[in-house]
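Peer 1: Could you put together the complete structure from these sequences and hints?
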Amino acid sequence: MRLRIGDARRLTSGLLFLTIGGFGMIYGARYRMGSATHMGPGYFPFAVAALIALLGAVSAATSLRTEIGQVEGPEGGRGPIQWHIVPLLCILAGVVAFGLLIEHAGLVLAIAAVVILGCYQRLLTRPLEVLAIGLVLIAIAVALFIHGLGMPWHAFPA
Amino acid sequence: MLSRRSLVPLLAAPLLPRLAGRAWADEAAGFPEHSIRMIVPYPPGGGGDAIARVVSPKLQEALGQTIVIDNRPGAGASIGTDLAAKAPPDGYTILETPGAALTVNPQLMKVPYDPVRDLMPVAMLTRAVMVFVVNPKLPIQTVQDLVAYAKANPGKFNFGSAGNGTITQLSWEMLKLASGTDMVHVPYKGSGPAINDLMGGRVQGVVESVLLPYIRAGQMRAVAVGGDKRWQSLPDVPTMAEAGYPSVRPSAWYGVFAPRGTPPAIVTKLSALFRKIVSAPEMAEKLDGIGMVPEPLDSEDFAKVIRDDIETNGKVIREAHITLD
Amino acid sequence: MSVVDNIALGFSVAVTPQNFLYCLAGAFLGTLVGVFPGLGPVTTIAMLLPFTFKLPAVASLIMLSGIYYGAHHSGSTTAVMLNMPGEPTSVVICIDGHPMARQGRAGPALAIAALASFFAGCVAVVIIAFFSPPLASVGLMFGPADYASLIVMALVTASALSSESLITTTAMAALGVLLGTVGTDVNSGTIRFDFGRSALDDGVSFVAAAVGLFAFADVITHVGALHERVPLSAKITGLLPTRADLKASTPAILRGTAIGSAFGILPGTGPLISSFASYVMERQLAKDPSRFGKGAIEGVAGPEAANNAAALTHFIPMLTLGIPAGAANALLMGALIIQGIAPGPLLIEQHADLFWGVVASMWIGNLMLLVLNLPLVGIWVRLLAIPYRVLYPAVLVFCCIGVYSVSNATFDLYLAAVFAFAGFIFKQLDCSPAPLILGLVLGPMLEENTRRALLLSRGDFTVFLTEPISLAMLILAVVLVFVFSRSAFRDRQARLANP
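Chains as they are written, first to last, in our numbering: chain F, 1 to 158; chain H, 1 to 325; chain V, 1 to 499.
No lab work stands behind these hints: they were computed from the structure.
All figures in this text were calculated on a predicted structure; none of them were measured in a lab.
Zero decoy hints are in this set.
Straight-line distance between alpha carbons at most 25 Å, and here's what the computed DMTMM-like set of lysine to aspartate or glutamate pairs gives:
#1 H:LYS189 <-> V:ASP460
#2 H:LYS189 <-> H:ASP70
#3 H:LYS151 <-> V:ASP460
#4 H:LYS86 <-> V:ASP201
Listing some non-contacts, in silico: residues in chain H with all C-beta distances to chain F over 12 Å:
#5 GLY30
#6 ALA62
#7 ARG221
#8 VAL237
#9 ASP298
Glycine included, each C-beta is placed from N, C-alpha and C at the ideal position.
Peer 2: What follows is the structure, encoded as structure tokens:
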């Protein structure tokens, strides 16, 4: 049985839902369930998680049964899934860095981290551009938030 | 035999407290040298935020430094309170919060701070007047009517609250316990929806402090005011004490705290200032509009109130079996 | 005093050069701050509240309403330009507004959005002026069972939010609902799914989720594709909407206004459901639904009108009954009270000048928005011409700041990063995030109201059928399921026939 490209996406998403739903059911069941007429805190999450798991299973199952030529929608022929690992990791690292830096290292460094990590591709090829972007953003942010709106943030390391 | 060396400490001894005292006062004299951070453990507009924003401009004027309001909502005020408790005790971080964060929540859930040991009471600012109201269509005029109605309809009277474990629930539970009635608690997310359902007739009673406009418009009927002091804005409404239920004493106050270890001189200075601001006549008017009365208490009196409230609320929580599942 | 006299009174109070300036200042500030997701009207109003103490009551309200509109509208602007929803209600605008921008049609999208807002605003102001008291009592008629059924109906329509398969969109909506259960359960006080961290006690931050799923995921995808030199926007084809645009938008705007005005009256749910409902309606009524999700102007015009109309009628319960229908409302009410004026049924009688001044200021605020934003369209569009590689760091920074500023919580940033990761994966797997957002917001309300309805009925399930409004909503839901599945079926047949 060969998997068509469109199926791979559907199969993956189906399995993903099945897993999430499964976890939801396990964790949801740890809270008091109560009854249908007197629901406890666990009832609703459990029911919804069960629904998600069911839908995931159905989705995955139907994706396996799809024959060639019956692929739904415009997915067929779109090529493999692009995972974009490097941009994914760098940009996420930037957001996390902001979180780590803002409280104790201040706004300036936090923004710098986001810009540097976000522009990872250009650090060596266009460093001045990255610097300019960073400085402009820092200036706007400090002026607007710390001076203009009086947010209780530090600009520089406390 | 006393050598000269041992004489010096002996002679210096009586001077020491005076020297230390002067350093104390000096500390407070120079304070504050830069902006002060006032943590409010509620989102903008919620909980103690309104009071903070009303009081802080006046404080700014008096101290000549900016007061930065830092909203840190979450986890029933625990996040903000914890932050304040663990802040450096130099007087530049203070906490402004309603009482629930300290007298109720720690008894219902685990909080990462000790409300009595980790925070120093600076001053109490105001007390919210909790008014017990019912839907005007009901044949209830007084507390006695209310109790009689509830006894005649066990399990049918619904009272709405701003949520599980809030003062709005505890206050009504106090009444339940004192009168021995069977009323059903319906929790909401905040008082707004509870008020909505009261007017729509889905719940029959609510207790809150911001109900004056509704009462005046006849959309709700005030039955009693919690505690033992009548409210000047509702002069004809009796207190729970007068109605025969002195144990129904909701404690909804707003106060200022500092982390333990903050220099006493600074605490005293701030305390005096806060109390002065809250006692000003224009302030009383503004507060009245949000259902509060100024109640300036200094650190010691405040501490006593806090201890009493922790005990009272603890009792209610146990006897009414209030839990967070 | 006759109504006309009242309106004249209101306008005479509000239309002083001074108040006009306050409004402009407010609108400008609101627009500036509203560009940052998470920094919406509520936070801005809270921060600027003390400034307004010194102003006379009407002036302060006018300024605050200017801020409100400014922030509200710039949420839509960023949704169109950068797939960055500034506010919960702007999420829907992203779906079709951003593709329009990518096609070089940001100008028409923004202009139509401004026009739609203005039109809806005018109509809503008229409604407020003339029909406030009777409409206010409508909100009171909705009990928990009615709300629960209303939300069921709204969730049923989630499937119409995207062109993906019914199973996928339903699963995404359900996932949103599940995420919505994280946090404190209103009915029992239990804290669910917090994994021992108190940061999740109040639930998943909506802003973190929206920013992560939409803005961040988008940036990651495009940066990844950058080396393939896919441009952000094709050649910009003019700033003004074409005749065809206006023709297509007009019915959408009318319908959106109607939906928004109606839903806005219901406290709590109103504005959010309005924009989603309008989108769904436009999609269903369109002759060629496959255009949606790819830049259909109706998908911007309708929801934008619904959004603004609801935002305004949302004030009706506050002004007439004194019930704040939302956070921004509560703040404004606080502002009024501090000025010594208590909103409620007596407001209209005792402070007629204030009530009508407020109404007039709403209209002026709306007008100000048009005045401010139409010329700005040109500037915004020119901003889009900035190469993407310069623009996207700005998006990242603005979003980080915005997410953090909601509660000054670094946890929210980590949460946004997690959602960004998830959003990226979902994008690659053809799962649209819009139903998830809908589920996230509506799910908790559904559970809360269902359990409350059962609590009040003491466990009697039939209450959902015996309450008339609830019954009506459920019947409507069943009808909609029918309609949607039939049109989805037809869509699928059409697609299989013409691949």
